[in-house]
Amino acid sequence: MTKKKSPCLHPIDWRYGSKEMRNIFSREKRLELLLKVEAAIAHGHAMVGNIPKEAAEEIEKKASLKFVTLERVDEIEKEIYHDIVSFIRAFSEQCGDFGRYIHLGATSNDIIDTAEALRTKEGLALIEERLVKIIKTLIEVAREHRDTVCIGRTHGSHAVPYSFGHKVTIWIDELVRHLENIRYLTANKVVGKLSGAVGTRAAYGVHADRIVQITMKKLDLVPATITNQLISRELIAETLMEIILLACSLDKFATEVRNLQRTEMGEVLESFKSDKQVGSSTMSHKRDPEKSERICSLARLMRGYTIPVLENIVSWHERDLANSANERYIYPEIYLTIDQMLLDFDFVVSGLEVKKERMLENLKISKGLVMAEAVMTELARNGMNRQEAHETLRKNSMTAMKDDKQFLDVLITDKQITKYISEKNLQEIFDYPQNYLGTAKEQIEVVLLKAEGVIVKK
Numbered sequence: 000m001t002k003k004k005s006p007c008l009h010p011i012d013w014r015y016g017s018k019e020m021r022n023i024f025s026r027e028k029r030l031e032l033l034l035k036v037e038a039a040i041a042h043g044h045a046m047v048g049n050i051p052k053e054a055a056e057e058i059e060k061k062a063s064l065k066f067v068t069l070e071r072v073d074e075i076e077k078e079i080y081h082d083i084v085s086f087i088r089a090f091s092e093q094c095g096d097f098g099r100y101i102h103l104g105a106t107s108n109d110i111i112d113t114a115e116a117l118r119t120k121e122g123l124a125l126i127e128e129r130l131v132k133i134i135k136t137l138i139e140v141a142r143e144h145r146d147t148v149c150i151g152r153t154h155g156s157h158a159v160p161y162s163f164g165h166k167v168t169i170w171i172d173e174l175v176r177h178l179e180n181i182r183y184l185t186a187n188k189v190v191g192k193l194s195g196a197v198g199t200r201a202a203y204g205v206h207a208d209r210i211v212q213i214t215m216k217k218l219d220l221v222p223a224t225i226t227n228q229l230i231s232r233e234l235i236a237e238t239l240m241e242i243i244l245l246a247c248s249l250d251k252f253a254t255e256v257r258n259l260q261r262t263e264m265g266e267v268l269e270s271f272k273s274d275k276q277v278g279s280s281t282m283s284h285k286r287d288p289e290k291s292e293r294i295c296s297l298a299r300l301m302r303g304y305t306i307p308v309l310e311n312i313v314s315w316h317e318r319d320l321a322n323s324a325n326e327r328y329i330y331p332e333i334y335l336t337i338d339q340m341l342l343d344f345d346f347v348v349s350g351l352e353v354k355k356e357r358m359l360e361n362l363k364i365s366k367g368l369v370m371a372e373a374v375m376t377e378l379a380r381n382g383m384n385r386q387e388a389h390e391t392l393r394k395n396s397m398t399a400m401k402d403d404k405q406f407l408d409v410l411i412t413d414k415q416i417t418k419y420i421s422e423k424n425l426q427e428i429f430d431y432p433q434n435y436l437g438t439a440k441e442q443i444e445v446v447l448l449k450a451e452g453v454i455v456k457k
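Following numbering that gives the first Met the number 0, the numbering of the sequence shown begins with 0 at its first residue and continues without gaps.
Any given hint could turn out to be false.
[To be verified] Using 25 angstroms as the maximum straight-line C-alpha spacing, the simulated DSS-like pairs for lysine-lysine come out as follows:
{"#": "1", "residue 1": "Lys-18", "residue 2": "Lys-65"}
{"#": "2", "residue 1": "Lys-60", "residue 2": "Lys-28"}
{"#": "3", "residue 1": "Lys-166", "residue 2": "Lys-404"}
{"#": "4", "residue 1": "Lys-120", "residue 2": "Lys-35"}
{"#": "5", "residue 1": "Lys-423", "residue 2": "Lys-366"}
{"#": "6", "residue 1": "Lys-251", "residue 2": "Lys-135"}
{"#": "7", "residue 1": "Lys-28", "residue 2": "Lys-216"}
{"#": "8", "residue 1": "Lys-423", "residue 2": "Lys-404"}
Honestly, the hints are just simulated from the structure, not real lab data.
Take these sequences, add in the hints, and give me the full structure.
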């Protein structure tokens, strides 16, 4: 008889997140990690002489999904209504008489929190892998467009000439900070613990501290310095908040792509996956920044997770259950959501079409007004009072806009201007906006060299 599949009720079951991240947060993986933690604890007990070595060996041998199944755990839980005790009993059944040594000295959250630390390390490693790939791609984009001139915009309006490579390099700098933060958190803030019921480790016996050290070394985890029954949710919040901050950065970058892809701007385009991709069910001409929009949509959800993440820091006395149920939701959702956002942003930057010609056209829309700062700087350099220069150019700008004239044509009729700058030099300023990029190239190179060093760091 064919086993009936459970319905997929949540989009992360089938639509969002990769198979790799979904596997990390699957029920099977959780059970596998719970088994791994129990086996490591048994190993610690054996090393200090609390249990026979052959018991620890048998427990480690049977700490596998081949022996302990979700079906059996679920079957027991239907009777006793406690998921960890159900898991312990299912595990003990497979170990014969040695099963009596499983969970010796431990409390549920010794196993849950330590298993979650192992899962967190795997999740962060996948995030790190995705980030490195994106940064490498962006480095190529930044170098290719280091000299690509576009218009810089402030308050949504044309400001001064800009380098598209500089824009992308700011993204790189921000993502490198996230990468460094994730590596730091993985190494220092993802911790395991064996604390017992309230944190004293009393049930682990006189060798408790040694058992902790042995167990955590076997699991390749940093041991928490001190806890009650729970690992401090402030530590966990640091990691989750970093992921949420990363989501906000991706939102910012995707918003820029969306804006630059507006028909009126048309400076960049998300690539289509194939020549058969459809943009609209009715408007057949549409080519929309769909992946960037999805990043922005998911970021709104991610910011919403901030509330339970921070609320979970508070618990009654040495432990309560107020954090437990929502963590079962938010852990997989946060990791699978950021996974999808990173995959989407990787798609966006890997196939980003940069329209240089359109950027040059857009530079000309304001009829030269964007060079006002450059003219003012040159006037001040040539001896005009800077404040006087600013006011003179402001008045000329208003005239040019009112009369719908080229800004240069207005300036060359102003004797206050031509007294300090020749008509020929004025013409050069307006002809070569790429000469007004300051130290953009040097800034780009500094950031790219740092980024290249960070991404290869082991």
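Right, here's what the structure says about each hint:
Straight-line distance between C-alpha atoms of Lys-18 and Lys-65 comes to about 21 angstroms, which keeps the hinted pair within the 25 angstroms bound. With a C-alpha separation of about 17 angstroms, the suggested pair Lys-60 and Lys-28 falls inside the 25 angstroms cut-off, and the hint holds. Distance check on the hinted pair: Lys-166 and Lys-404 sit about 30 angstroms apart at the alpha-carbon level, beyond 25 angstroms; violated. Using a Cα cut-off of 25 angstroms, the hinted pair Lys-120 and Lys-35 holds, with the two alpha carbons roughly 14 angstroms apart.
Taking the CA atoms of Lys-423 and Lys-366, the gap is near 18 angstroms; set against the 25 angstroms cutoff, the hint holds. Between the alpha carbons of Lys-251 and Lys-135 the distance comes to roughly 19 angstroms, so the proposed pair stays at or under 25 angstroms and holds. Of the supplied pair hints, the one linking Lys-28 and Lys-216 holds, its CA atoms being roughly 21 angstroms apart against a limit of 25 angstroms. Distance restraint check for Lys-423 and Lys-404: the Cα-Cα separation of roughly 19 angstroms lies within the 25 angstroms cut-off, and the hinted pair is therefore satisfied.
Going down the numbered hints, you'll see the structure goes against just number 3.
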